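When we follow the numbering used here, the leftmost residue of the sequence shown carries the number 1, and every step to the right adds one.
Because the hints were derived from the structure by calculation, they are not lab data. Note that this is a predicted model, so its numbers are computed, not measured. Note that CB positions come from ideal geometry on N, CA and C, so glycine has one too. No false leads were mixed into what you were given.
Simulated restraints on C-beta separations:
#1 Trp4 with Pro38: 14 to 22 Å
#2 Val11 with Lys43: 30 to 38 Å
#3 Cys39 with Glu15: 30 to 38 Å
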Amino acid sequence: TLHWVPGHEGVHGNEEADKAAKVAAEGRHNNSSNASLPCYLHKGMLPLSISALK
Numbered sequence: 001t002l003h004w005v006p007g008h009e010g011v012h013g014n015e016e017a018d019k020a021a022k023v024a025a026e027g028r029h030n031n032s033s034n035a036s037l038p039c040y041l042h043k044g045m046l047p048l049s050i051s052a053l054k
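Modelling step: build the complete structure from the supplied sequences, incorporating the hints.
Given below as structure tokens:
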């Protein structure tokens, strides 16, 4: 589950989430599987939304 976090300070668990995101972005650790993803993400492409791009 994803939750919007408005800032980095004072939010419980945010520091751990930040560390995990940095590790994932660097490609040092991959513990996720396609089975835990919605089927439309198995192909690796994210759906596009024109309104989200604005």
